[in-house]
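Visitor: Those protein sequences? They're chains A, B and C, same order as listed.
Those letters in the first sequence? Residues 1 to 518, by my numbering.
Those letters in the second sequence? Residues 1001 to 1339, by my numbering.
Those letters in the third sequence? Residues 2001 to 2344, by my numbering.
In case anyone wonders, no lab produced these hints; they're calculated from the structure.
Take these hints with a grain of salt, some might be off.
Stated by the list, open to error - Computed Cβ-Cβ distance ranges for the label pairs, DEER-style: (1) A:D457 / B:R1312: 54 to 62 Å; (2) B:K1316 / A:K85: 47 to 55 Å; (3) C:L2271 / B:K1181: 35 to 43 Å; (4) C:D2254 / B:N1030: 52 to 60 Å; (5) A:Q405 / B:E1320: 41 to 49 Å; (6) B:C1099 / C:D2254: 25 to 33 Å; (7) A:L92 / B:K1088: 43 to 51 Å.
Said to hold, decoys possible - The list that follows gives simulated cross-link-like pairs (lysine-lysine, DSSO-like), each with its CA atoms no further than 27 Å apart: (8) A:K429 / C:K2196; (9) B:K1183 / A:K149; (10) A:K172 / B:K1148; (11) C:K2196 / A:K359; (12) C:K2037 / C:K2168; (13) B:K1183 / A:K131; (14) A:K131 / A:K200; (15) A:K201 / A:K237; (16) A:K373 / A:K386; (17) B:K1181 / A:K90; (18) A:K359 / C:K2274; (19) C:K2196 / A:K373; (20) C:K2037 / A:K374.
Keep in mind it's a predicted model, so treat the numbers as computed, not measured.
Here a beta-carbon is modelled for each residue, glycine too, at the ideal position from N, C-alpha and C.
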Amino acid sequence: MGARIMLENISNGKTIKHEDTLLSVHDIRKSFARNQVLKGINLDVSEGEVLALIGGNGAGKSTLMKIIMCIYRQDTGDIYVGGKKVTSSKPLDAMELGMYLVPQEPMLFPNMSVEENIIVGFSEKPGELHKRLVDLLKQLGWEMDLSRKALTLSIAEQQLVELLRGLLRNAKLLILDEPTSALTFNEVESLFKIINDLKKKNIGIIYITHRLEEVFEIATNVAIMRDGIITLNGPVKDFTREMLVQGLLPPDVKENKQAFKSKLPDYKNLKPIFSLKDFSGYGFKNICFDVYPGEILGLAGVVGAGRTELATTIFGKDSVLGGKAYLGMEDITGMSTAKVIENGINYVPEDRRQDGIFKIGDIALNTSCGSLKKLGKFFMNFKVEKQFTDKYINDLHIKVTGQDQLIGSLSGGNQQKVVIARILATNPKLIILDEPTRGIDASARGDVYTIINKLKDQGFSVLLISSDMEEIVQLSDRVITMFQGCINHTFQKADINQNNLMSAAFGVYEDKKEGAKI
Amino acid sequence: MNTIKKFINRRECTSIIFLIALYVIVGLINPTFIQSDNIMLCLNGATVYTICAIGMAFVIFTGEIDASIGATLGLSAAVVATMVRDGKPFTLTVLVAVCIGLVIGLINGFGVAVLKVPSIIMTIGINSIVRGISYVYTGGAWVENVPKNFKELSQQGIAGLSWMYIGTIIIMIAIYMFLAKTKRGRYFQAVGDNEDGATHLGLPVTGTHLISFVICAVCASLASVVFVSRIGFVTPTSGNGYEMKAIAACVIGGISLSGGIGNMVGATFGALIMASISRILVFLGFSSNYDNTITGILLITIVVFDAVMQHRNTEKARRERLSARTETVAESKVVGGNM
Amino acid sequence: MKEKLKKFYSKFKFHWEYFLVMFIIIEVIVFGTMNPKFLMPRVLFGSFNDFISICIIAVFMCFVFITGGIDLQAGSIVGLTSIVIGVLWKTLGISIGAACMIAIIIGCLCGALSGFFIAFTNVQPMVITLGGSFLYSGLAIAVSNMSNTAAYLGISGFPEYFTAFTKKRFFGVIPSQVLIFIALAVIAYIILHRTKYGREVFLCGINRRAAEFSGINTKLIVMSTYIFSGMAASFAGIVMTSYLGSSKSDFGSDLTMPIITAVILGGTSTLGGKGGVVGSALAAVVIGIMRFGLSMNGVSNQYLDIPVGAMLVIVVAASTASKNEKINAFMHRHLTFKHKLTDK
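Please construct the entire structure, taking both the sequences and the accompanying hints into account.
Guide: What follows is the structure, encoded as structure tokens:
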């Protein structure tokens, strides 16, 4: 227990003594069925440290966190908390050891009050806990109405409640899982202020994020996970953005800087195929832009800027509060989803798993579901269905064992291709893609980019919504950035670079050229 | 003023108002209805429903459903009636009844909480099995000749109000305090409100589900003791449909089927409303056959109203959140300051 | 070893319908051995008359389950249909054919009412159809009070041609009810598995949000499944009234459980998205034959629900337990532990 154990940290050769660190994991491996998710993870977190943990989807971050919190059990490897080895499969034990996981989506009890949400699960008397909670709030300098019902809280407020749950448990180690993904810009700033407060109290934090900018702003150390291993680990000051990006890419794929050789559309002589005039809805205001045939228009912004809300409202899934939307000559403002699709707009949803795929359905079902009208008047024409599913499997190079394979067993990239196939099958004039490569590995990503460019060459119009700035830079002919629900800048091809886009997305872009607008 | 508004917004209040309005209206039509001895009769008549509703409230509160209490009540009633008829001591009889409820509740709980069978399916299946068992037990015959002193137990009371009903109310209040104030009591609401959230916090979700089913079944078997005492005989179909009545009582009393909303007081008033409706129909000269129709209409109306309100609230909250995003920087509140 | 088991299990599930057919054959053999009269074609096919309602309603109610819903009111609609026919014919003098038509429309309306609330107001299907079952059985009683006969007697004295069509036997063996059932099952099959509408039903069940993003009007689809269910209940009511020659408001009151059992046993998941007409039809036959076989062998009617209820619970428990990660992990550890022992 008190013995000093030296640990070789594989990534950069440092040796670490367990007992000085809050948390130390050593050679953690975990497989689910035949899928090896964690292939030997070594990590340490010390007091007052903010360890940013970066990694794409499927890298194994949440599995690692669940193992640390004793929700899952590792196959091999050890966990040391404060120098003591931990073996348990009950989350309660992890919490008792002083660790708390603030989930990405706060898991509160909507019909219980804030106070009840925080103190549920404790063994002390509610009276004592109330006193401790009030003291804690005073210490932190926060004001909070403890009697509010949790369902009235905003996401940021809910996150605070989760944080309080951890702090009231005297957590020494907090794990924040993508805490800013649902926050507005101001809320992010507030959160960083809180994290700095916690740092000063010597609380250790594991900060999971996919946003490199945040790493440099708030973290003291950074570790990058890719495919179940740690590829990079060390103090933030030792790294640059490029080094971090390199750590994220698999070794055999170079950062794809090849610009696809495609022509810019002839803006002077073409009429827009899609226009928004002062379009307002829930989450966005006074949006005006045009999309031209054969162009890829990037729509950039941080999460919460209102891009997805804009897309879904155009698509008929929410009410229009003002303004107009035109597809060609048709006024499609406020039309239902079915009519919008009929008129020629289709949308690849942001959340593939929840809104995009029919998980227990096969490939044919998933491909044809948007164009059932084409398959015959009343009865399903299975032959036609099979034919055009085959066509798309070939065109888009979807790796399947057969049309009857269930889509749930395909990789993320292939699933996305099926969703794209379904969209294409409706012959849209405008295709709206929302985070098309989220959760997809690099090689499938390249495939999707090729598909997008082919669409452009064939004369389709693409509205590309993405939080991946590189993606937007690579593919777009023009870029619009949204900030807090409004468009704040439009960029022509020459001005499209990650710096400009990033600044605009965060609302800090300074336009050096006056009056250069479209 | 604020506290009064809060009180009025509570669902239980709506059902209380409805109940009072009901009695007032009927009283206006037929004044004998609101005479104290009639009201006492209504209350006493609601005892069985109330006990069943309280048990069912536990299960619904945790987000599940129990469609088997009718059969549990029937089997337990048959056993109780037989034992009492054969002269077995009262305490033993009650104990046996509780054991029956315990076993059935454990089986239900095991299937739902451990094997993850959907509760509607599990309890529908168990309902048939237990109903069949009670046929086997009674041989398909009625159980009659319940001793007079046993039947009189349900008549004894104070000022016309039976001890059984009073006892039920006292226990209900105790349960209400347990659920609202104690640490373990909060688990039920937590599990029903957000089961994933409860798991995330390490709360004993499986145990909570199990206990809720056990309590529900035990309540049904305790209710059967009252049933036998009040009715005096047991038929092979006794108890049929009581689960529906109990669910309706809970829903009318403000307990949401999705879990996490409502409390025991509401269930009690709901049961009172259900029981009153049959008497009212008789009083107003209608055939008691319309009992089911009225219950059905009531159930549908309340549930639809409830769902529409909830949907409206969540939509409103969502839209407010989205609209907040388009506020300018200066206007947004800084989190960590005033909330 | 676990691989083999997994493969075997997946094949097993895939051909669930074959398993049901096998089960029917086993039932016939077992009951036939216990009582040779069972095997007589006249008797065997005649048994269908007892459980035909379950079969008819099950093949259409699976539509509801596939969209993730449940329907507890079908039993009440059967009774309502029956009494409506009786009262319309006897008290109002409307011809039987027209009365049946009206009854079917009423059945569809009952389904539509509940379906409307379920689809457009986000209420839980279980509660609405529960309320509906109360409401419609109450309405049935109200209607029966419009006639002058006491409720427990029922209305009878229907014309010969009405009661005959369910008693006819083709080739002297196969009752017309079997043919009615097969015809309805085929129609249900075509609707669910061969039309665009049926495909949309599946899509709504597998992932309603994705279906909406695909432009499908999920609300109408969900509502329509309840209309089909109500319509099937009306058909069953007509058949039952004809066969028993009597019109009673409480027909079908005990059918809810067997129907749901048939649908679930037939491979339809309560979560939606999976299932089919063939499975439901076969499962309904499984349950019907089991009940009939047991009663032929001396088990009285009231005990028949025990094996059916047990089947429901066991089948669903086995199905959900096999998908349960914790249980799988437990089994896995148990098996590998044994392996380790033998290795050493």
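Visitor: Please go over all the hints and tell whether each is borne out by the structure.
Guide: Evaluated hints:
1. A:D457 / B:R1312: 54 to 62 Å: 47 Å, violated
2. B:K1316 / A:K85: 47 to 55 Å: At roughly 50 Å between Cβ atoms, K85 (chain A) and K1316 (chain B) fall inside 47 to 55 Å, so the hint holds.
3. C:L2271 / B:K1181: 35 to 43 Å: 36 Å, holds
4. C:D2254 / B:N1030: 52 to 60 Å: Hint violated: Cβ distance 36 Å, outside 52 to 60 Å.
5. A:Q405 / B:E1320: 41 to 49 Å: 43 Å, holds
6. B:C1099 / C:D2254: 25 to 33 Å: Roughly 28 Å apart at Cβ, these two residues keep to the hinted range, so it holds.
7. A:L92 / B:K1088: 43 to 51 Å: 45 Å, holds
8. A:K429 / C:K2196: 25 Å, holds
9. B:K1183 / A:K149: 18 Å, holds
10. A:K172 / B:K1148: 68 Å, violated
11. C:K2196 / A:K359: 19 Å, holds
12. C:K2037 / C:K2168: At roughly 21 Å apart (the allowed maximum being 27 Å), K2168 (chain C) and K2037 (chain C) satisfy the hint.
13. B:K1183 / A:K131: Measuring from Cα to Cα gives roughly 16 Å; hence the hint holds.
14. A:K131 / A:K200: Status holds; Cα separation ~23 Å.
15. A:K201 / A:K237: 22 Å, holds
16. A:K373 / A:K386: 15 Å, holds
17. B:K1181 / A:K90: Within the cut-off at roughly 26 Å; holds.
18. A:K359 / C:K2274: 11 Å, holds
19. C:K2196 / A:K373: Roughly 8 Å separates the two Cα atoms, so the pair holds.
20. C:K2037 / A:K374: Distance ~54 Å between K2037 (chain C) and K374 (chain A) Cα, so the pair is violated.
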